[in-house]
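Taken in order, these protein sequences are the chains called A and B. The opening position of the first sequence corresponds to residue 1312 in our numbering, with each subsequent residue numbered one higher. The opening position of the second sequence corresponds to residue 2 in our numbering, with each subsequent residue numbered one higher.
Just so you know, the hints here were simulated from the structure itself, not pulled from any lab data. Honestly, I wouldn't trust all of these hints.
Unchecked claim - When the alpha-carbon atoms are kept at most 20 Å apart in a straight line, the in silico EDC-like pairs for lysine to aspartate or glutamate are as follows:
(1) A:Lys-1372 <-> B:Glu-63
(2) A:Lys-1545 <-> A:Glu-1498
(3) B:Lys-74 <-> A:Glu-1346
(4) A:Lys-1999 <-> A:Asp-1847
(5) A:Lys-1615 <-> A:Glu-1439
(6) B:Lys-69 <-> A:Asp-2064
(7) A:Lys-1999 <-> A:Asp-2042
(8) A:Lys-1372 <-> B:Asp-80
(9) B:Lys-74 <-> A:Glu-1331
(10) B:Lys-110 <-> B:Glu-99
(11) B:Lys-74 <-> A:Asp-1847
(12) B:Lys-69 <-> A:Asp-1628
(13) A:Lys-1615 <-> A:Asp-1628
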Amino acid sequence: MRRFLFRLLNLVRRDRAEQELARELTAHLNLLEDEFQRRGMPLEEARRAARVALGGVEQTKELQREARSFVWIDDARRDLAYGLRMIRRNPVFAVTASLSLAIGIGANTAIFTVANALLFRDPPGVVESGRLVDIGMSRGDGGLNPTSYPTYMDIRQRSTTLSGVYAHQMFPHAMSLDVSGAAAPAERVFGQYVTSNYFTVLGVAPFAGRFFDRTDSDRPGASPVIVLSHRFWKTRFGDDPSAIGRTIRLNARTFTIVGVAPDGFQGNGLVAPDVWIPLNMASDSAAIFEARGGGWLIVGGRLKPGTSIEQAADEVDALGRALEREYPTSTGGGVTGLRVLPSSRSPGNRNVIGGFVAVLMIIVGLVLAVACANVAGLLLARATSRQHEMAVRMAIGAGRARLVRQLVTETAILFALGGGAGLVLARVMTAVVVRMLPSLPFPVTVPLTLDARVILFTTTLSLVAALLFGLAPALRTASADVVTALKDDSHSSPGRSRLRSAFVIAQIACSLVLVVTAGLFVQALQRAGSTDPGFDPRGVELVSLDLSMGRYDDATARRFWRELILRVRQLPGVQSATLARVLPGGFEGIGVGGVTIPGAPRPDSEASFHYSWNIVEPGYFETLRIPVVAGRDFDAEDIAGRAAVAIVGEGAARRFWPGDRAIGKVISYGAAGRSRTVSIIGVVGDVKSSSLVDGLAGSFIYLPLQQYDDPRMTTSMTIAARSARGRSAADIRALVGSLDPNLAVVTSGTLEDATALGLVPQRLVASFSGTLGLVGLLLAAVGIYGVTAYAVARRSREIGIRLALGARAADVIGLVLREGLLLTAVGLAIGLALAAGANHVLVGFLFGLPAMHPPTFLGAAALFAAAGLAACYLPARRAMSIDPLRTLRRE
Amino acid sequence: MSGGAPRRVELLQGTLDLIVLRALDTMGPLHAYALAARLEQVADHPLNLNQGTLYPALVRLEQRNWIKGTWQKTQNNRDAKYYAITGRGRRMLGEQTERWRRLAGLVDKLLTSE
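This is chain A alone, in the form it adopts within the complex (with noise of 0.2 Å):
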């Protein structure tokens, strides 16, 4: 019964150590109870006797656990101290190793508090992001196109698997603020449009006041009240609770403040608006809402709870093609292949953005597995001197076990030092990337915190390479033979010196990849500069404005662009200016719809041809350079009520009119029933600038602004002006001031930074493994180093007779250098394989790389086998410069 009794209470305790303890005090307690029952005790007695014997069953538990664990600590003890004694011995061995792991584990912890900001971390506020889901018309390259307001309204109302289906306008919009009503010029705010059920989707909870609700009505127009991010609370009003409640002006309209979002919200997106308003209040017509074509909202939703995201999608494709079916194309629907992604930061670009981080993830592994290797050649170096030691303790009786954790623990000293040195590191890194990342249109925050993911992503990362690379040089070093190497410590195991060699190799082959995938950036960078763009952005400067902050309508609203051009134009300094809604740089065309070219069939293979739409004010192709190659430009007269004009591309023209003059040809554009036929006035020089990006060569299709009748496309323009100096954007400010106070610059800057924009990913990336890889080279020439240095001492007797039985300096030094050099020409064969895969595999990714650059390979080669010969020099001379009497003597 008592037995059975322990059975089950040792089920409950799954302690093995435990459960021994507990079965063998009972087996003595019965030995004492039978002794003295045999002694003539009546059992009772008996069994109090032997409790008595023993001491009492819970102290000697008590006693034997602190035991058993007292062995564990005070070995680890003894180990740490050991440990820590050891590298103060060798400070230059414990820095450079350190050093070099706080390189590797930094880089890789920079580049995960990246991904994690992007890809994995909950974003601030936002309750189980991983429910919410992305909803939008599928795009091609694996990403989503916004959808219109009716979409939205349908998706909603008609989705049984989604709890709740916000949108919210893509990017934000800058808004004209005046808080206190005083002539006081405008300021630049970012507003974002969402729908009323925004934060409640999002689970997010007002940190003061309230959000939006049903009490604010959907009517357009109706709903005059905004929330504020915390960010801007605390700038703007000082941390003012009474701010709820006050009215401010926005775009020249009135809104009242109902609340404050919580610390960092920022939706889920990577944009920072400073006000959230109501969808409703985007516009005071009823028109956008109501049109079923062009997508401007970006569409979100939360899963109910036990639906899958496998049925979301399911539903909304099916009601997609419902959808399609109901309103077609020809009457201005406009629905394609809707879809449901998971939700990303930034909406329908997750696999851009992961294959970047995955690129970059990669890099930095590398740099890792470099370091590491380094650090295992390091310690195997060191093992060699320390052997006498390991053979001493294991000829007085330390266990195997016992030598091997040891060793261990000293590698984990080091691990944790580079870890630390890494997680610092780390900051500066990220600090330097941020830096590097070119400033958008539109206020971008990537919250990159230190947080509990990555902490444990750092641990765990310099724990299982202490593990992984501290393991084998430790059993190496365990395993040695006691006898040989007590009787003479000179010699070593063969493997121990070919373990070695190849962390050297692997160290060689990991940072040629590091250095020649540099140089392919690097490449792409030069391919981009020389490429000749179309234009000329030097000396170009921009001033975006938006026409909403005022009260414009359409007519106005030209006047207004007309009288500002002809006034920047006078400004002192310039020399031509011109508006246009887009520039050639990062985020260019826009889409006005399909190109019809009556009497010729319908271009129909769209995939290998790009065009893309541009509204400009006349003076754009002088302003930026770009040859009028047939034909003119627009001038003061195209406006409307003239005849319709427009001008193409030299691709376009090639394109539309094969082997025929373009000029006085007309092209019919904009959705069935609604379209415009415009006639060619001019032919200009493509712009290449895109296609450094994408690869996708643009040749445009530019309108004039003047006659161009759709307002939405004409409220945000960029005034682009030459001037000698290159600094008038101050001057063009004022002007703005000037002409209408209620306008705030959305933004300003040059063409060039603008251009920029495209290649930041190019030049991260050749930045980033250009300077690891050469960390790296230097690493690898230290291991060479190593590895030649040893073999020249193991041998020194060897060279010593040979040098005595008159061998000539040549001979030797050939000797020497013949190790060396073979580890770096099989480190060299391997990294240059490896580096031709990983061309392979970034071509597809990244536009612009060349496919196949010999002089990038071999060049790179030709700087490792350099790097090597310098490393196997040292040691060379060291051998020549041996004594044959002195180390024969030492026999």
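Starting from the structure of chain A, add chain B where the hints point.
Below, chain B alone, put in the same frame as chain A:
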């Protein structure tokens, strides 16, 4: 040590380990109870030894791989964990005995001379 000499002998740190090893070396595998009985039996002075105080020593020795315990049946068909000395334990015993002898000799010499 002078004055009212205590009749109990306090074991020096580490001595118990040595005694256990020695007992297992000479007597062969023993369970904890037999071990305790044996220690009580050989002691000239009664050792102040609750039988339970053996357990920390046993776990320490087993963790260092100097002894090894296996479950077996006693003559009376009771379960008991028998401990046997290992090769490493024997080597340790040799070393420790040597050390102990030298130390004891030294202490003895110091205490008896003048």
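The hints, checked one at a time:
no., hint, in the structure
1, A:Lys-1372 <-> B:Glu-63, "16 Å, holds"
2, A:Lys-1545 <-> A:Glu-1498, "16 Å, holds"
3, B:Lys-74 <-> A:Glu-1346, "16 Å, holds"
4, A:Lys-1999 <-> A:Asp-1847, "11 Å, holds"
5, A:Lys-1615 <-> A:Glu-1439, "12 Å, holds"
6, B:Lys-69 <-> A:Asp-2064, "75 Å, violated"
7, A:Lys-1999 <-> A:Asp-2042, "30 Å, violated"
8, A:Lys-1372 <-> B:Asp-80, "19 Å, holds"
9, B:Lys-74 <-> A:Glu-1331, "16 Å, holds"
10, B:Lys-110 <-> B:Glu-99, "16 Å, holds"
11, B:Lys-74 <-> A:Asp-1847, "96 Å, violated"
12, B:Lys-69 <-> A:Asp-1628, "68 Å, violated"
13, A:Lys-1615 <-> A:Asp-1628, "17 Å, holds"
Violated hints, in rising order: 6, 7, 11 and 12; the structure is consistent with all others.
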